[in-house]
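Construct the complete structure from the given sequences, taking the supplied hints into account.
Chains as they are written, first to last, in numbering that gives the first Met the number 0: chain A, 0 to 201; chain B, 0 to 473.
For the record, the hints were derived by calculation from the structure and aren't laboratory data. Please read these numbers as outputs of a predicted model, since none were measured by experiment. Every clue listed holds true.
Among chain B residues calculated to face chain A with C-beta under 7 angstroms, some are:
{"#": "1", "residue": "Q8"}
{"#": "2", "residue": "P164"}
{"#": "3", "residue": "F241"}
Cross-link-like lysine to aspartate or glutamate pairs, in silico, EDC-like; alpha carbons within 16 angstroms at most:
{"#": "4", "chain 1": "A", "residue 1": "K98", "chain 2": "A", "residue 2": "E132"}
{"#": "5", "chain 1": "B", "residue 1": "K227", "chain 2": "A", "residue 2": "E13"}
{"#": "6", "chain 1": "A", "residue 1": "K178", "chain 2": "A", "residue 2": "D153"}
{"#": "7", "chain 1": "A", "residue 1": "K80", "chain 2": "A", "residue 2": "D94"}
{"#": "8", "chain 1": "A", "residue 1": "K168", "chain 2": "A", "residue 2": "D73"}
{"#": "9", "chain 1": "B", "residue 1": "K227", "chain 2": "A", "residue 2": "E15"}
Backbone N, C-alpha and C fix where the C-beta goes; we use that ideal spot for every residue, glycine too.
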Amino acid sequence: MNAEPSQSGRVVLETEPTATGLTVPMWLIAAMLVLLFLGAWYFDARGGWFEAKVYEPYHSVADVARFQPRSGGDAVLLRGKVLYEQNCALCHNPDGMGKLAQAPPLAGSEWVLAAGVNRLIRIPQVGLAGPIEVKGQLWNLNMAAMGVMYPDEDLAAVLSYIRNAWGNKASVVTAEQVKKVRTELAGRSQPYAPDELKKEAE
Amino acid sequence: MTAIPPTSQQQIDNSCRLPLFALFGGAAVWLALSSVFGVFASLTFHKPSMFADCAMLSYGRAFPAWANLLVYGFCLPAGLGVGLWLLARLGRVELAKPWLIVVGAKLWHAGVLVGLIGILAGQSTGFEWLEMPRPAAVILFLAFMLITVWAYVTYTRRTEASLYPSQWFVLAALLWFPWIFSTATLLLQILPVRGVVQASVAWWFAGNLLNVWLTLAGLASTFYVLPKLTGRPLQSYYLALFVFWTLILFGTWTGIPAAAALPAWMPTLSGAASVMMLIPALAVVAIVILTVRGSQTPCGGGPLCFTKFAVGSLMLATVLLAISACPQVSRVTDYTWFGHGQTVLRIYGFFTMTMFGAIYHIMPQLVGPGRVCPRWMRINFWLVMPGILLLALPLVFGGIAQGLKFIDATIPFVDVSKSTLMAFRISTLGEFFIAVGNLIFLFNLLAAMVGYYRSVGKTAFAEATALQPVGVKP
Numbered sequence: 000m001n002a003e004p005s006q007s008g009r010v011v012l013e014t015e016p017t018a019t020g021l022t023v024p025m026w027l028i029a030a031m032l033v034l035l036f037l038g039a040w041y042f043d044a045r046g047g048w049f050e051a052k053v054y055e056p057y058h059s060v061a062d063v064a065r066f067q068p069r070s071g072g073d074a075v076l077l078r079g080k081v082l083y084e085q086n087c088a089l090c091h092n093p094d095g096m097g098k099l100a101q102a103p104p105l106a107g108s109e110w111v112l113a114a115g116v117n118r119l120i121r122i123p124q125v126g127l128a129g130p131i132e133v134k135g136q137l138w139n140l141n142m143a144a145m146g147v148m149y150p151d152e153d154l155a156a157v158l159s160y161i162r163n164a165w166g167n168k169a170s171v172v173t174a175e176q177v178k179k180v181r182t183e184l185a186g187r188s189q190p191y192a193p194d195e196l197k198k199e200a201e
Numbered sequence: 000m001t002a003i004p005p006t007s008q009q010q011i012d013n014s015c016r017l018p019l020f021a022l023f024g025g026a027a028v029w030l031a032l033s034s035v036f037g038v039f040a041s042l043t044f045h046k047p048s049m050f051a052d053c054a055m056l057s058y059g060r061a062f063p064a065w066a067n068l069l070v071y072g073f074c075l076p077a078g079l080g081v082g083l084w085l086l087a088r089l090g091r092v093e094l095a096k097p098w099l100i101v102v103g104a105k106l107w108h109a110g111v112l113v114g115l116i117g118i119l120a121g122q123s124t125g126f127e128w129l130e131m132p133r134p135a136a137v138i139l140f141l142a143f144m145l146i147t148v149w150a151y152v153t154y155t156r157r158t159e160a161s162l163y164p165s166q167w168f169v170l171a172a173l174l175w176f177p178w179i180f181s182t183a184t185l186l187l188q189i190l191p192v193r194g195v196v197q198a199s200v201a202w203w204f205a206g207n208l209l210n211v212w213l214t215l216a217g218l219a220s221t222f223y224v225l226p227k228l229t230g231r232p233l234q235s236y237y238l239a240l241f242v243f244w245t246l247i248l249f250g251t252w253t254g255i256p257a258a259a260a261l262p263a264w265m266p267t268l269s270g271a272a273s274v275m276m277l278i279p280a281l282a283v284v285a286i287v288i289l290t291v292r293g294s295q296t297p298c299g300g301g302p303l304c305f306t307k308f309a310v311g312s313l314m315l316a317t318v319l320l321a322i323s324a325c326p327q328v329s330r331v332t333d334y335t336w337f338g339h340g341q342t343v344l345r346i347y348g349f350f351t352m353t354m355f356g357a358i359y360h361i362m363p364q365l366v367g368p369g370r371v372c373p374r375w376m377r378i379n380f381w382l383v384m385p386g387i388l389l390l391a392l393p394l395v396f397g398g399i400a401q402g403l404k405f406i407d408a409t410i411p412f413v414d415v416s417k418s419t420l421m422a423f424r425i426s427t428l429g430e431f432f433i434a435v436g437n438l439i440f441l442f443n444l445l446a447a448m449v450g451y452y453r454s455v456g457k458t459a460f461a462e463a464t465a466l467q468p469v470g471v472k473p
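See below:
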């Protein structure tokens with residue numbers, strides 16, 4: 000549809016669209032305000048107020064803090080849990096209940112929960128071999144010196160963890176205690192027999 | 000002071016002809032090629048070994064080839080062509096330096112070709128919607144700037160002082176793309192930022208490209224074509240102004256998915272903005288209903304049909320975008336086909352349909368009456384329209400079903416994948432429909448251009464060989 004010369008000889012232009020002056024309807028403004036309010040509320044609840052440390056699934060700094068270990072003690076137990084699940088859980092089970100013909104339970108075990116930790120620390124350092132009674136049941140197995148490779152702090156963390164997990168409740172083991180026993184046991188490669196272990200101070 | 004005589008329609012059309020031929024012709028070629036790659040990519044899901052021996056057609060190359068040819072090959076040049084036409088027509092002025100715009104268009108298509116070769120050769124950048132390697136990105140940027148400069152000069156030379164809403168949208172689109180494209184290319188390819196910042200830049204770019212740029216360019220055309228064809232004024236200036244500002248205000252925040260591994264404020268803000276996008280979409284629907292209501296113009300598979308379908312798709316795609324921004328929904332829909340369904344609906348359903356409508360409105364005026372075949376145009380519509388629905392909707396519903404299975408830990412992954420097969424069969428059928436429709440569009444356009452040149456040639460030949468009057472000395 001091109002321009003046609005009109006009768007007067009002048010070029011008449013094709014009309015182009017125009018716009019009316021109708022105002023924006025109120026319902027649209029209201030809908031926008033409602034959505035803006037909801038958006039602001041949503042941001043307030045989930046956005047963490049531009050804090051760079053807050054990632055999904057956390058929604059605020061307080062949220063992030065709640066899921067962090069609160070003290071040094073918690074951090075030690077968390078470290079112990081990781082080490083336990085990597086090294087010990089294969090035989091003793093992640094829930095500490097032990098496995099038939101592999102390892103006796105640690106949860107509720109009188110050896111783990113003993114008031115003194117002197118005997119407990121010795122077991123992972125050189126291993127344990129021979130019949131041992133745990134929670135009234137006789138186990139006759141061998142445990143290798145699983146803990147000999149680990150620094151004092153890590154061994155202390157694992158032992159603290161098993162003394163405080165799965166309903167166990169006992170004092171934590173310190174790195175100094177582990178170090179003291181390790182010095183005493185220097186040079187020994189013979190695993191403990193349970194009867195021999197009982198002769199050590201508790 | 001004498002009034003400057005307004006340029007005649009014929010002069011405007013003459014100035015637009017070659018630049019628009021260059022932009023639309025190349026765009027139609029890329030669109031057809033893109034849908035062929037789309038079919039290849041889709042077929043891979045039915046038989047993964049089908050193209051396993053051909054690296055070029057493997058999914059990791061065919062899919063980016065589809066996406067980039069669609070957006071950079073078709074959407075941008077088509078949007079630019081329609082935008083230039085609107086600036087010239089509404090400003091009642093000839094296009095400034097048409098030959099430089101032709102050079103820009105050719106340069107743009109050369110950039111797309113370089114990018115396509117790069118992607119097929121395995122040199123893609125790995126950023127979604129920005130896969131073209133660096134040389135291609137630089138060429139595309141220069142070509143776009145060349146066209147933008149002369150589009151802006153055309154705008155400043157206009158003889159019609161008052162602005163029509165479509166002009167704001169075109170001008171914003173002309174400025175928006177260089178901004179987002181140069182920022183993303185600089186920060187991702189030339190001076191790459193590190194770590195999660197890369198992901199956030201890439202998402203920001205994709206959000207701006209798909210949710211803002213395509214909407215700006217598509218609405219410029221919609222707001223022109225609907226009133227023009229129905230012969231009714233646009234309802235209204237203020238609603239269009241409202242759409243304009245809310246779109247660019249909220250749209251530029253979108254793009255970051257809810258589960259993104261970024262500081263929580265980024266996905267949260269982006270999600271809120273995605274929901275806010277409902278406001279401009281609702282306003283667009285209001286404009287269209289108020290403008291078209293009561294018009295007697297038949298739809299008839301023509302530009303009006305294309306444009307109306309496009310507006311419906313825009314609304315649906317925006318609703319899907321808003322829904323999937325809610326965390327309760329995104330838990331299900333993230334990492335499924337849902338998002339792709341939404342994107343396809345936006346690009347094909349909204350943008351390419353508005354462009355088809357606008358091009359079918361503009362081309363007959365450039366090539367002369369009777370050269371764009373109306374029957375093929377209708378066939379084009381009746382292939383592409385169901386094709387888009389068959390492609391997008393199964394992906395959306397299949398994505399939801401897939402997501403519900405994903406979050407159930409007892410269902411093995413293979414079963415989850417198998418459950419999407421039926422949706423995929425239907426969507427591949429949709430891809431076929433679209434591919435055939437796009438080929439028809441290409442041939443319809445090429446035939447019209449060839450017809451035009453043939454008539455020009457015939458006239459010139461007739462003039463050159465016309466018998467001179469005998470016996471008259473010069």
